[in-house]
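So the protein lines, in turn, are chains A and B. Under our numbering, the first residue of the first sequence is numbered 1, with each subsequent residue one higher. Under our numbering, the first residue of the second sequence is numbered 1, with each subsequent residue one higher.
Treat the hints with caution; some may be incorrect.
Below 30 Å or equal to it, Euclidean Cα-Cα: the simulated DSSO-like pairs (lysine-lysine) are [claimed, not checked]:
no., chain 1, residue 1, chain 2, residue 2
1, A, K63, B, K418
2, B, K306, A, K95
3, B, K418, B, K270
4, B, K418, B, K186
5, A, K38, A, K182
6, A, K38, B, K186
7, A, K63, B, K407
8, A, K101, B, K306
9, B, K339, A, K63
10, B, K407, B, K270
11, A, K35, B, K418
12, B, K418, A, K39
13, A, K166, A, K182
Quick list of simulated restraints, FRET-style, between CB atoms [claimed, not checked]:
no., chain 1, residue 1, chain 2, residue 2, range
14, B, K306, A, L103, 13 to 23 Å
15, A, A105, B, F46, 23 to 33 Å
16, A, T77, B, A12, 47 to 57 Å
17, A, A105, B, S28, 29 to 39 Å
18, A, H36, B, H257, 29 to 39 Å
19, A, A105, B, N151, 56 to 66 Å
20, B, S314, A, E40, 52 to 62 Å
21, A, S152, B, L330, 31 to 41 Å
22, B, E175, A, L132, 44 to 54 Å
23, A, F114, B, R171, 15 to 25 Å
Since the hints were made in silico from the structure, they are not lab data. In this text, a Cβ means the ideal position worked out from N, Cα and C, and glycines have one as well.
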Amino acid sequence: MAYDHGSHAAPDDARPLWGLMAEFSDPASLSRAAKHVKKEGFRNWDVYSPFPVHGMDEAMGLKPSRVTFIMGFMCLTGFTCAWLMQWWMGGVDYKIVVAGKPLFAWEQATPILFELSVLFSAFGAVFGMLILNLLPRWNHPLFGKQRFLRVSDDRFVIAIEAADPKFNEPDLRRMFESLGGKHIDRVEEES
Amino acid sequence: MSHAIDTNLIMARDNIELSEGAGRGLSSVLIGVGAVGIAATILAAFSGDEAMATIAAHAYHTGVMAVIGFSVAAMGFVMILQQTNAGWSATIRRQFENIMSLIWVGGLLFIVDIAFQLLMNSARHVYIWDWMNAAHTAGDELYRHKSGYLNVPFFAARAIAYFIIWFVLARSLWEYSTRQDIDGDKWHTARARTLSAPGLLLFAFTSAFAAFDWMMTLDYHWFSTMFGVYFFAGSMVSMLALGALILITLRAFGRLHGAFTDEHLHDLGKLIFAFTVFWAYISFSQYFLIWYANIPEETAWMLRRKIGSWEWLSWLLPIGHFIIPFILLLPRPMRRSRKAVALVSLWLIVMHLFDLYWAIRPEAKIEGQDTILGPSPIDVIAVVAPVLVFIGFLIRKVGSGPLIPLKDPRLPEGLAHKNYV
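This is chain A alone, in the form it adopts within the complex:
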């Protein structure tokens, strides 16, 4: 590849270690490896694949997303806002009788109650997802690795962060090797 992310940066070994990555050839071996990493009790790690791998949540031991709670909260917020807005605008602040209807009634308020609940929930889903995924961010240490870029094409990667309490490089290398990981490589922090 012509473009090298690391070319203008400091030499690799001068930068602190971010973690260790290993490549796997197919989703099945990736899942097997993920199950093993989970069993070993690692916490700061993730898997990377070109497509969603069925059953990976279970293999990694991921808990259900907390984004639902954000959405639930936003839904109720939207509902309350819509109620207060319509009651205040139509019923209190600027009273105009339209087509002989009550100034404020749940019947005519319902479409807006529904719309704002959905809109706020959608905002909660999108922005909640971004926040929980620690996004947006400019770069990631893994992007410094040429081989990692193929993860959007035909490679499957597991990376364990040095921040993990159980991180021990020689042990990890052995573990990845025994799981069939190829191109086990150190990943440095961004410079």
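For this one, chain A is given, so just place chain B on it according to the hints.
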């Protein structure tokens, strides 16, 4: 990841068949109690005063519509599954075919319904379908415009046509599925799919027009283009709930291990949830447009349900038929819990009966009076009795054959079904 599926264990006889004569006793009791209930309703109609007569007739009509709704909605659901070549449902489809195949029970109860009507008409001059009474419609300009559609011969011809269409469709789909159990011919699946395309079209028209004919025209001045969908949505909810109850009960009796899993339950829960929301959406739309347009000939129907005890009973629908099941089925773990889905299903069936009751029963009126008759104890018996008869026959039907389509080509897909979200 993928769990190994032991097909031999799943296809063992004691997993996919009920023991000989299972549920016979309960079935006979239910049919017996239901029949006594129907008899009591008819007796009450003829021995009480005129109010009692019209109340009993409307309430019994409600129960019959619920029973017809079960079978017709199940037929629509089976055709959707066949038409979309659904693999996930292969192991649970038979139970919906069981509900579908009992369309004859609905037909039989409907004949009783009509006979009840004719007897009442001659003996007490009570009508459910007020437009059939020539003395009432004489000089009615609105009726004159509708008389091309709303007349007894055409009404009868339509009713017969609906039942013939339903019976032929249900019978054919049942035959394809059960014949495949024996000969394993995969072309039965293809035939069922071919039939389902025009079948779904017929289903949509017949179920909508049956709802127009049998429920909407109880007040022949009133009209709502949404009424057919309203009946369809409610029937789908109750039918899916009934199917879920059968499957959960079979699991409780140690059947369908590996065939009806938490994954299938999860998807059924999603469907029940979705149709509950759909029902709420179209019911509110129907009410909202009438409320907002405020045209006298439309609002009269809604107004009748806002008078006396009907006013607070009406609130039971948005709360009990939507908000409560919505909140209960919203969390993922609830849709994967057999106990939770069973409870919500039972609740929704009761709510659907109440929904039909709310749509039909306030139309009961006494000749020459404007009073709106409130709920009465005979209502409960008259509504529930036909449903008990249906459940009785259903238990018999479930026990009479294999609990899954034995040789459906999509069976492996259904057994391996899994939700990844």
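Going down the list of hints, with the structure as the test:
no., hint, verdict
1, A:K63 with B:K418, "17 Å, holds"
2, B:K306 with A:K95, "27 Å, holds"
3, B:K418 with B:K270, "14 Å, holds"
4, B:K418 with B:K186, "24 Å, holds"
5, A:K38 with A:K182, "19 Å, holds"
6, A:K38 with B:K186, "44 Å, violated"
7, A:K63 with B:K407, "38 Å, violated"
8, A:K101 with B:K306, "17 Å, holds"
9, B:K339 with A:K63, "23 Å, holds"
10, B:K407 with B:K270, "27 Å, holds"
11, A:K35 with B:K418, "19 Å, holds"
12, B:K418 with A:K39, "23 Å, holds"
13, A:K166 with A:K182, "21 Å, holds"
14, B:K306 with A:L103: 13 to 23 Å, "20 Å, holds"
15, A:A105 with B:F46: 23 to 33 Å, "45 Å, violated"
16, A:T77 with B:A12: 47 to 57 Å, "53 Å, holds"
17, A:A105 with B:S28: 29 to 39 Å, "52 Å, violated"
18, A:H36 with B:H257: 29 to 39 Å, "30 Å, holds"
19, A:A105 with B:N151: 56 to 66 Å, "40 Å, violated"
20, B:S314 with A:E40: 52 to 62 Å, "60 Å, holds"
21, A:S152 with B:L330: 31 to 41 Å, "35 Å, holds"
22, B:E175 with A:L132: 44 to 54 Å, "53 Å, holds"
23, A:F114 with B:R171: 15 to 25 Å, "42 Å, violated"
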